[in-house]
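Undergrad: What follows is each chain in one-letter form.
Protein chains: 6
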Amino acid sequence: MEFTHFDEQGNAVMVDVGEKPETRRMAKAVGRIKVSEEVFQKIQNKSMEKGDVLNVARVAGIMAAKQTFQLIPMCHLLMLTKCSVDFTLHEEEGRYAVEAVCTVKTNGKTGVEMEALMGVSTALLTIYDMCKAVDKSMEMTGIHLLEKTGGKSGDFQWKES
Amino acid sequence: MEFTHFDEQGNAVMVDVGEKPETRRMAKAVGRIKVSEEVFQKIQNKSMEKGDVLNVARVAGIMAAKQTFQLIPMCHLLMLTKCSVDFTLHEEEGRYAVEAVCTVKTNGKTGVEMEALMGVSTALLTIYDMCKAVDKSMEMTGIHLLEKTGGKSGDFQWKES
Amino acid sequence: MEFTHFDEQGNAVMVDVGEKPETRRMAKAVGRIKVSEEVFQKIQNKSMEKGDVLNVARVAGIMAAKQTFQLIPMCHLLMLTKCSVDFTLHEEEGRYAVEAVCTVKTNGKTGVEMEALMGVSTALLTIYDMCKAVDKSMEMTGIHLLEKTGGKSGDFQWKES
Amino acid sequence: MEFTHFDEQGNAVMVDVGEKPETRRMAKAVGRIKVSEEVFQKIQNKSMEKGDVLNVARVAGIMAAKQTFQLIPMCHLLMLTKCSVDFTLHEEEGRYAVEAVCTVKTNGKTGVEMEALMGVSTALLTIYDMCKAVDKSMEMTGIHLLEKTGGKSGDFQWKES
Amino acid sequence: MEFTHFDEQGNAVMVDVGEKPETRRMAKAVGRIKVSEEVFQKIQNKSMEKGDVLNVARVAGIMAAKQTFQLIPMCHLLMLTKCSVDFTLHEEEGRYAVEAVCTVKTNGKTGVEMEALMGVSTALLTIYDMCKAVDKSMEMTGIHLLEKTGGKSGDFQWKES
Amino acid sequence: MEFTHFDEQGNAVMVDVGEKPETRRMAKAVGRIKVSEEVFQKIQNKSMEKGDVLNVARVAGIMAAKQTFQLIPMCHLLMLTKCSVDFTLHEEEGRYAVEAVCTVKTNGKTGVEMEALMGVSTALLTIYDMCKAVDKSMEMTGIHLLEKTGGKSGDFQWKES
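Residue numbers (the numbering used here), protein chains in the order written: chain A, 1 to 161; chain B, 1 to 161; chain C, 1 to 161; chain D, 1 to 161; chain E, 1 to 161; chain F, 1 to 161.
One should not assume that every hint holds.
Identical copies carry no separate label here, and so any pair may be met within one copy or between two of them.
[To be verified] Think about it this way: if two alpha-carbon atoms lie no more than 25 Å apart in a straight line, the pair counts; the simulated SDA-like pairs of lysine to any residue are:
1. Lys136 / Asp7
2. Lys82 / Ser137
3. Lys82 / Glu99
4. Lys20 / Asp155
5. Lys82 / Gln9
6. Lys34 / Phe3
7. Lys152 / Asn11
8. Lys136 / Lys152
9. Lys20 / Gln157
10. Lys34 / Gly154
11. Lys136 / Glu92
12. Lys82 / Ser36
13. Lys20 / Met79
14. Lys159 / Leu146
15. Lys20 / Asp7
16. Lys20 / Glu8
17. Lys159 / Glu37
18. Lys82 / Val17
19. Lys136 / Tyr96
20. Lys20 / Leu89
21. Lys82 / Lys136
22. Lys34 / Asn45
23. Lys82 / Gly10
24. Lys82 / Asp155
Quick caveat, the hints were computed from the structure, so don't treat them as lab data.
Turn these sequences into a full structure, and let the hints guide you.
TA: Structural data, given as structure tokens:
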């Protein structure tokens, strides 16, 4: 199978999707940021107040998903019909992480995988930004597509390898 | 130590850096995208031609770093004096990955950690976008700050835990 | 009736409009900026020349309406089929104001109220910007939806309370 | 006194501030949105939860303030050193309103009045967007500069007329 | 025939295309940048390597085409279904130039002439930017629509006058 | 002399200007759009009214100049201290053209040639957009740097070859 983002000469191109039908599409992406116990607890406690870290990160993720076409060079502009970002706090044997899941829907000619991945990445980066005064060693990891439905290439389900 | 992105009431705020001196600052961030052998080889081979994946990803990373202040809600606008993105291809025991490093410099009142992390993330997302027709199971991982110099909070070096 | 911009957990979300039909929609918003007599007369006189205040404000309002989806976090991207901004000068018993009306149309799944309101607000802010060297006490007031047609929620007409 | 945004021929121009010294500047703007009792109570109650209206509006206002130079045609790009948006809920004899105050600081050659006004306007528009499913008759009013310090034109204090 | 970007009063307006059918549309624009022999040869040689001038210019042109609606005041937002930029190197009797052709497609209510022209202009400006350290006397010339198909106004073919 | 936008490996890079002093810089660029007699006369006549073509093009050019850093990949963000766009109408032996000149100033570490060229190009593209309903054969030509002062590379004056 060939990359679709290049023409015969190997030049980057925003591929022609004009022939593709508009279908209902959904994509869900996930990612994590590993944080220190101190950051973890501050995020937890903040979440009882106004203006907590996760609410700002959620807004940032949703807004970034809408701008994906301006950030990813060969990405098509799509009219997202839905976008949400959800977080879960993970604490396992003294290891702490915040998980972000971004769900995006559209009725369009191309999929919304990139929008979902951009939403997750920007939400995690915003968490980093808002907590970096406390800890700069946070790491973003496990950012991948979780699920995809609709479109010619068919459905996709992430399999843990 | 407290989060600096909230006021006393816990409301998100773009913190006051007006008193801070302009100092020369540098930040370097790193991240990886794990790819299949097929994608890996296509990226390698493309790199002998015009318009290969990594060149498009490099441009995307640099352009995104310049737009960090518009994507990360509480991030200050900075005039970057330098930005570059470099890639290395990793092949270890049948596992394949592309590593991106983004280096950003400024003379400013705040650091450029977020710009470097945004540059890495967007470069990796662009690689995903350009290769996803071949493989949707690529995963972005190990995105973190590598090094930081300048500014009140002093220098930072990533320590593998 | 419930807010539609939150999920069950009270988290902000860009709501799912995928099921909604595309209908022809129109929204008209209005607002005023109260100005001093001096500013009022300068605006009037300028309007006989090239590059007057109202022409710059009109362009700014139309361009901002097209960017509403990037400024209002939970707003959907819509392909506006029409956008215009009109001004009327009001002089009543020594009180002076410029009124802006922004009319926006689309064929889409959601309404264009926000686009019309954004067009009005930005047009008025541009008038403020271009006249503030003369008077900083200008006030923007009475910014509201005037009329709305199309869509499930039906038509709307502003009633002066 | 003359408008500074036009040249001798009356053409709009982004005025030359190259000669102006960089001084510490602050601007504070205010505005209100009148809401129904139902909306008022929902905003109040939401504010005990995550993702409430005011937090989303705060983020929107801060992000819009940073983009003022791209929305107001003759506005200079400034590196904001601080930006915050605060809300107060007003209930007077059965009339309900949310007040937004945006405070912006910079060290620059021009003032930040427009950034503060843009922050207020966009925060209020976001409240409208998030509550419009309940009530479309909300009105934004009393948007004006509250205070300004620094710069050649000197300090400014709003006087209720 | 009348300009369509003005109303009866001569005010600029983003014209109403709501009644127009969605048709398949294509536009192709061309332009050149005249360069010195030294620049010409450097571009040629670079094109054997990674990160050459033309690849960066190609990405810039495609990304700018997607942002046309934000740069050209009365331009409608369109969902481009395809966008590509191609270059040819011209050497004629000691005169050197790089030619850029941008091809854009959409299924929409208005044409994509502006997107194609914006893609060409930005690609040429990027070449200027990347080569200006060597020669600042480069000139962009012959930027025009080459071909257009679809839409009420019918097809267009450029005729050399 | 070498291109400055590439590193030793030939990879595109936003060059390091951190060491460069901030100096007062000015750049002036020029360009033309050749139009039909009909378009020429309509532009002339419009210019006696509100909302004429040239006023809209002027605003577009100034706004685009401020966004140059987001459109030209390796371009640094600069705080423009001045930007203006001026037009002159040319009629020579039955050949008609509109000439645009964009003048940009900054106090910065890099020059503003690209901002001036972007301002001219976008102003001309806007004229094309607003007149294309009458004539699609307009051509943009002779877009080049006219003059540049300040900075290490010294002053530049365009010489007609």
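Undergrad: Should Lys152 paired with Asn11 be assigned to within, between, both, or neither, using CA atoms and 25 Å as the limit?
TA: Within one copy only: 24 Å inside a chain, 33 Å across chains, cut-off 25 Å.
Undergrad: Since the copies are identical, ignore which copy is meant and state whether Lys34 and Gly154 lie within 25 Å (CA to CA) inside a copy, between copies, both or neither.
TA: Classified as between: cross-chain Cα gap 22 Å, same-chain 33 Å, threshold 25 Å.
Undergrad: Please sort Lys82 with Gln9 into within, between, both or neither, judging by C-alpha distance up to 25 Å.
TA: Close across copies (17 Å), not inside one copy (37 Å); limit 25 Å.
Undergrad: Using 25 Å as the alpha carbon limit, work out where Lys159 and Leu146 are close: within a copy, between copies, both or neither.
TA: For Lys159 and Leu146, the Cα distance is within 25 Å only inside one copy (8 Å; across copies 30 Å).
Undergrad: Is it within a copy, between copies, both, or neither that the alpha carbon of Lys82 lies no farther than 25 Å from that of Lys136?
TA: So Lys82 and Lys136 pass the 25 Å test across copies only (22 Å; inside, 33 Å).
Undergrad: Please sort Lys82 with Gly10 into within, between, both or neither, judging by C-alpha distance up to 25 Å.
TA: between (35 Å within a copy, 16 Å between copies)
Undergrad: Regarding Lys20 and Glu8, is the shortest C-alpha distance of 25 Å or less found within a copy, between copies, in both, or in neither?
TA: Within. Shortest intra-copy distance 20 Å satisfies the 25 Å Cα cut-off; inter-copy 35 Å does not.
Undergrad: Check Lys34 against Phe3 for me: Cα-Cα at most 25 Å, and say if that holds within a copy, between copies, both or neither.
TA: Classified as between: cross-chain Cα gap 17 Å, same-chain 33 Å, threshold 25 Å.
Undergrad: How would you classify Lys20 and Asp155 at a CA-CA limit of 25 Å: within, between, both, or neither?
TA: both (16 Å within a copy, 23 Å between copies)
Undergrad: With 25 Å as the alpha-carbon cut-off, assign the pair Lys82 and Val17 to within, between, both or neither.
TA: Classified as both; 21 Å inside a copy, 7 Å across copies.
Undergrad: Up to 25 Å between alpha-carbons, please classify Lys82 paired with Ser137: within, between, both or neither.
TA: between (33 Å within a copy, 23 Å between copies)
Undergrad: Check Lys136 against Glu92 for me: Cα-Cα at most 25 Å, and say if that holds within a copy, between copies, both or neither.
TA: within (21 Å within a copy, 28 Å between copies)
Against the hints set out earlier in the document, violations occur for numbers 12 and 20.
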